[in-house]
Amino acid sequence: MTNDHPTSGITRVDGRLKVTGAIRYAAEYPFPGLVYGALVSSTIAKGTITGINSKAAENLPGVVAVISHLNAPKVPGYQGKGDEDGPVLKTFNDNKIYFNGQPVVLVIANTFERAKYAASQIKITYQQEKHQTNIEAGLRDTIKPWGDGSDYVRGQANAYQTAPVKIEAEYRTPIHVHNAMEPFAMTALWNGDKVTVYTKSQYIKGMQREIMSMFNLPEENVTVNSKVIGGAFGSGSPLWPYAKAALIGAKMIGKPLKVVIDRGQMFTMVGYRSPAIQKLGMGATADGKLVGITHLATGETATYEQFAEGITSTTNILYDCPNVNTQYRITKLDLSVPTYTRGPGETTGVFALESAMDELAHALNMDPLELRKKNYSERDQEENLPWSSKYLNECYEMGAAHFGWEKRNQKPGSVTKDGWLVGYGVSNGVYGAGRAPCVAKARLSADGILLIQSSTSDMGPGTATVMVKIASGIINIPVENIKFELGNSSLPAAPGEYGSMTTSSVGSAVYDVCTALNEQFNQLDGKSGTAHPDYTRILKEHNLPYVEVTHKSQGSPDAQKFSTHAYCVHFVEVNVHPTLGTVKVTRVVAALDGGKILNPITARSQVIGGAVWGIGMALMEGGVLDHRYGKYVNNSLGDYHVASNADVPQIEVLFVDKADPVTNPMGSKGIGEVTIVGFAAAVANAVFNATGKRVRDLPITPDKLV
Amino acid sequence: MKQFQYQRASTQQGVLEAISKPGTKIIAGGTNLVDHMKHGLIAPDKLVDITHLPLKGITPTKTGLHLGTLALNSVVSEDALVLQKQPLLSMALKAGASPQLRNMATVGGNMMQRTRCTYFYDTTMPCNKREPGTGCGAMEGYNRMHAIFGASAQCIAVHPSDMCVALAALDATVIVVGKKGQRHIPFTEFHRLPDDHPELDNHLAKDEMIIGVDIPDNNFAKNSYYLKVRDRQSYAFALVSVAAALDLSGGTIKKARLAMGGVAHKPWRLFEAEKFMEGKSVTEETFKQAAQIALQGAKAYEYNAFKLKLAPASIVEALKQASGLA
Amino acid sequence: MEKEKNHSRPVEESDVKDNSRRDFLKKSALMTAVALTPVAAAKAAELHIDERIAGAFEKMPLNVEINGVAHNLMVEPRSTLLDILREQLDLTGTKKGCDLGQCGACTVHVDGHRVNSCLTLGIMVNGKKVTTIEGLAKGNQLHPMQEAFLKHDGFQCGYCTPGQIMSAVACVREGHANSEHEIREYMSGNICRCGAYPNIVNAIQEVKEGGMAI
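Going down the list, the protein sequences come from chains S, Z and Y.
Converting from the first sequence to the numbering used here requires adding 236 to each position, the first position being numbered 1.
Converting from the second sequence to the numbering used here requires adding 37 to each position, the first position being numbered 1.
Converting from the third sequence to the numbering used here requires adding 14 to each position, the first position being numbered 1.
No wet-lab data here; the hints were simulated from the structure.
Even for Gly, the Cβ is constructed at its ideal location relative to N, Cα and C.
Heads up, some of the hints might be wrong.
Label-pair distances were calculated between CB atoms; the ranges are [what the hints assert, rightly or not]:
#1 T160/Z / E784/S: 55 to 65 Å
#2 N307/S / T160/Z: 20 to 30 Å
#3 T320/Z / S650/S: 25 to 35 Å
#4 P309/S / T160/Z: 25 to 35 Å
#5 K653/S / A227/Y: 38 to 48 Å
Once the Cα atoms are required to be at most 25 Å apart in a straight line, the calculated DSS-like pairs of lysine-lysine come out as [said to hold, decoys possible]:
#6 K93/Z / K243/Z
#7 K940/S / K325/Z
#8 K357/Z / K940/S
#9 K653/S / K346/Z
#10 K610/S / K643/S
#11 K359/S / K75/Z
#12 K165/Y / K832/S
#13 K83/Z / K142/Y
#14 K929/S / K346/Z
#15 K820/S / K357/Z
#16 K39/Z / K291/S
#17 K291/S / K75/Z
#18 K940/S / K346/Z
#19 K609/S / K525/S
#20 K165/Y / K152/Y
#21 K357/Z / K291/Z
#22 K929/S / K325/Z
#23 K653/S / K357/Z
#24 K142/Y / K62/Z
#25 K929/S / K515/S
#26 K143/Y / K93/Z
#27 K243/Z / K217/Z
#28 K463/S / K165/Y
#29 K820/S / K929/S
#30 K93/Z / K142/Y
#31 K62/Z / K216/Z
#32 K83/Z / K216/Z
#33 K99/Z / K259/Z
#34 K336/Z / K940/S
#35 K165/Y / K719/S
#36 K292/Z / K99/Z
#37 K359/S / K39/Z
Given only the sequences and the hints, what does the whole structure look like? Please build it.
Right, dumping it as C-alpha cells:
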C-alpha cells in the first residue's frame, strides 16, 4: 500500500511485489520448453583458440548444443561497422582471446545442472601470447582518449609549484566490480525473425537498437523486457557478450534459452570501474587561497574497445582557482573493457582531489572545511557559466552543525574513545545534473485509473514510485489509482537509466504529459487552466472511455546558459584500532543539494546506498589480478568484500531541498551518482585525522595501518 | 556438478562401509563440500549423508564436555554448557561465517574445512593441494591471506576455521572411528602441516569418520577471548585470529592457552609463548614478550608481510581483552 | 516440474545398488552420442529420451513440505534446494546471488531455521518443512516483517530482499535482535549491494519492539 506522507513521500509502488518475492527478475520467466545455457570462459588472457573438445560434454544426458566460433552462424551485425552502440567483442565470431574470462563456448542443456556440468567438461586448447594486465606497467604506454580534449589548462600549468604552501601526492584506486546482487541473465525467444528477450537493461531502447543492428532487424522485430532489475550500478547498459551468446544460441536451437552468468563471470563479462593512478599537485597562499591545481590521471581500457570517463573533470570546476591543469590518459590492457560504475569518473577523481585538499589543509594547519569554503567557486570557471543553482554552502553549514564538526581536533591522532582512535573527515561530492529527451504516454480511463508509460527502467532507486509521485502532484486522483509502466521497448522512448538523469528526464516527460492531459480535459470541458478537472464527469459527458496524450519533453535551450550540478557533502567519523589497524565508520552525515527532493523516503535510501558504496570503496573493495595469468584472484563475494550490515552505521541524510530553476519543471537534480562521489576521501581524511597516517591507495585495509 | 549417488546412512557401520569404497564422501552440513563440488575441486561418485545419525549431542562428561560431530555450529555457540564452561569456543564460532551457514555447518564439518586459498579454488591455476605436482600458485602470487608459520615449499595455504583455533587452544581431543575401532587424537595433532603432502589436511584416514570432540574442563571461562581481525566487520575470513585463555590468580598467570588462526596450514598453537607467560604477572609487557616469542620462526611472503606486525599486535590485544587489561 | 506420487518411502542405504545406474548412464551416454548436431540434439531433447533414462536411473524421490504444501518430487541428488525451488517449482522468490553461500540471497527456513538453500542439496531436506518468502504472508495479509520492510524502505532493487526478510524473521525468532549492534552482526550473512542496511535494521527493530508473535 502506498501511504502519502507529506514529509517522506510515498512508499514503493512495487514494494509489495518485492517483499513477497512475487516480482519476476530476468531469469525467472518459466517458458515451456525452456533450455539452459552455461558459458565457458577463456583461461588465458591473450592468444587464440586452437581447439575445442566438446565430445564428452555433447555425450552427456540432456545436452542440446555446444556453440562456439566453430559452429556459430555468421552474425550480420559483426560484419563491417555497426559498433557504435556498445562493446565490440564479437562473441563466437572468431578464435581470438582478448582477456582471461572471455566467454568462448555456450553449452545448452535441458536443465541448469546438466548445462553447468557439461560446460565444465569442455576442453579448450590455446596458442598463448604474452599479455599485459598491470596498469602500473601500462603507465609507459598511454593514449589520449579524447584527443586534445583529454587535456585542460586554465591560467598557468603547474602554477601550484610557485605557491608558498604546496603538496604533491600520488593516489591509487583499484578495480571496483559492480557486483549487483542479481547475476546478469537473458532469456531469448525467437519466433522466425522476431526476437523477444527478458534481461536486465538500464537502457532498454539502446539494447533494442543493439540487437536490431546485430541481426539486421527492424525495430518491430525486437522486444526487450526489463521490468525489474536486481541492481546494475552502471553495468546494465550494453549488450554484453553473454547476451550476444544467448541471442545466437536461442536462434540456433530454435527454443527459448536462458543464459545466466555466475558470480565469478560477473567480474569479467559485465564491466567494472577502471583502476586509476593519479598525481595531484596543489598550492595555496599561506591563508589558504588556492593558487594552482594540477591533476594527472591514468585509467585503463581494453585492447578491443576503448572506454573513457571523466576522472579529472571535477577538478576543473570544484574550486575557485586561477590556475588549473588536468590531464587524462588511458592504457590498453589485456582485460575486459571497463564501464560506467556508480559515480563514474568523478568517484575516482574526487577521491584524489578531496584527499589532496585535506593534505593541503593539514599543510596549512587549517580546518579542511574552512579551506573548502575559502575557495568556493561562484561560477563554472571551465565553461565560464553561472551555476543554475548551487547550495553547497548550505550543505556545509547544515552538515557541519548536525555532525558537530566544531568538535574536530585539528591535530591528528589526538582523540581516543574506549581505546580506539577517533577521527573526523569531510569531502565534497559533485555530479552533473543532466537531462535527456524522453517520451511518455498518459491515459486516464473512465474507471479512474491513470496509466503512464515510458520505456525507462528501474535498477533500484524506485523509478515508478517517483513518477507516480510526480503525476500525483498534477493529476488530482488518489495516488493508488496512478500506475506507471516501464521496462519494455515497445513503450514510448526513454533515455537510459544512468548519469543521474532519470528523474529529470522521465520525470519531466511525466510532468509534461500529465499537464497536457489536464489541458485536454479542460479543452473538452471548454475551460482553460483548471488545475483539477473533474475527469470522470468529463469522460462521462463526452461518452469517452479514456483520454490519452503522448508527449515528448526535453530541456529548454536556455539550460545551455547554465552549468548544472548536484552537490553532496559527507561528514564521516571513524574509529581506528591503534594496534590492529581496523577501521570502523561510526557516524555519517550526508548533506545534499539535489534540488527539490521529490520523494524523500526513496531519495534518502539512495543517499544511504551511496554512502554504503563509499564505505566499501574506502575500506574493503578492490579487484585483485594475478598478472602472471591476467586473472582475478578474488572473483567471488567471499573474496571481493562489499560492505556487510555490520560495516554500516546509521546514516543521517539532510537535504537542502531547494528547487533548481533550470533543470526541469520539478526543480530536481539527480542524486544517485553524487552520493558516492567523494565519500572515500572523507573516510581517508578521517583516518588521517584519527591516526596521522595518510592512506593514498584504496582500500584502507588493516594491513595499511597496522 | 557431476551427478552422484546419494545414500542416507542410518548407522555408523553403514557410513564406514560406504566410505571404504573409493569415490565416496561423507556429507553433513555440506557448506564446504557442496562448494567444492560446484567449483569442480572434487567430483565424488557417491555421497553418504550422515545427518540422521545420533551424533548431535552436547553432553557433559566426567572430565569435561563432549560435542557430537553433528552438533551445529549455531547450536554449540549458544549452548548453555558451552557458554558456561567454554565461552572461548562460543566466541570463536560466532566469529565464523554467517548465521545461516552456522545453522548448517557441523563440528566435524568445520574441522574438515579446506583452505580458502584462491589458487586451490581455481582449477585453472597451479595448486599442489588440489593437484599434487602442479606447483604452488600462491608462493609467487597473491599471498596476502597466506601462512607465516609452518609452510612448506609445496604449500603456503592457511586453515580457515575459527572454531578449530579455539579447540586447539582448549586442549580438545578428536574422537574418530574406523573399521578398527575408535581413536583419540589431540586436537593440535589432528590437522597437519603441508610438508611434502599438502593434499592432506589432517590425519584422518580415508576410511575413518569423526564422531565427536572432547573438551576437558578448565579454569579459563572467566578470562578468555577470541579476537578476529578481518577486512570487514563480519562474514569474512581472518587475516589473523587469536584464541586466548588465561587462568589467573590475582595478578598472576597460572596457566595460559594461546592459538592463532589465519597464519598456518593448521590452527597454530603457541606453546612457547604460553610457557613463558605462566607464573608471570598480568601486564602489557608480559603479553608483548609472549607475542615476540610467538613470532619466532615466522616467515612472510610478498603480500602478507603485514602479518608479522598484525599477529603480535593481535596476540597482545587478545590477551589484554582476556585478562581484563583492555 | 516432475511429480511422482508413489514415492513416499525414505531411501536408506539398502536401496542403493551401486552399479546399475552408472552402467545405464554410460549406455545412455552412448545413445545420446548419435545426436551431436544441435538440431538433432534438440529433437532428442524434445522427445524426452534423456529424461526417461535419467529420470529412472538418476533421480530420487524427495518428499518435502514447502510453505505448507506437501511435494512429492523426483530430483537429481546434485540439485540444490535453491535450484529445485526456482527451476522446478517456480518459487522464484528465493534468489540466487552467488550460488556459493557468500551472499545470503537464497536464505530460506528449513524446519524453522535459516539456511543457505544454494548449499543445501534438495535431497537432504527430505521429510522436512521448508518456508520461503512466498510462504510468509497469510493470504493478502503481509507478515509484520514484510510490512516493516515496506514502511522503512528496507530495500531498493529488491533482489536480496526475500533473503533479508527470511533472515530478519529468523533473527528476531532466535533472540538476536536485542540491539542495533546485535542485529547488524546477525544480519551480516545477507549482502545488500544497494546498501539498505540501516533501513533493514530499523525495520527489524520495529518488529522486535512491536513484540508481535512472528
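Between the alpha carbons of K820/S and K929/S, is the straight-line distance 25 Å or under? 15 Å, holds
Using the Cβ atoms, figure out if T160/Z sits within 55 to 65 Å of E784/S. Distance hint for T160/Z, E784/S holds at roughly 58 Å.
Under the criterion that the straight-line Cα-Cα distance not exceed 25 Å, is the pair K929/S, K346/Z satisfied? Holds. K929/S to K346/Z sits at ~16 Å (cutoff 25 Å).
Verify the proposed pairing of K940/S with K325/Z, using a straight-line Cα cut of 25 Å. At roughly 21 Å apart (the allowed maximum being 25 Å), K325/Z and K940/S satisfy the hint.
Holds or violated: K83/Z with K216/Z, Cα cutoff 25 Å? 19 Å, holds
Decide if the proposed pair is consistent with the structure: K463/S and K165/Y, CA atoms, cutoff 25 Å inclusive. 23 Å, holds
If you draw a straight line from the CA of K820/S to the CA of K357/Z, is it 25 Å or shorter? 20 Å, holds
Lying within 25 to 35 Å: is that true of the beta-carbon distance T320/Z to S650/S? Because 26 Å falls inside the window, the suggested range holds.
Does K93/Z pair with K243/Z here, judged by a C-alpha cut-off of 25 Å? 22 Å, holds
Given pair status - K643/S, K610/S, alpha carbons within 25 Å: Status holds; Cα separation ~20 Å.
Run the distance test for K359/S versus K75/Z: straight-line Cα separation, threshold 25 Å. Holds, at about 18 Å.
Regarding the pair K292/Z and K99/Z, is the alpha-carbon distance no greater than 25 Å? 21 Å, holds
The structure is consistent with each of the numbered hints, conforming to all of them.
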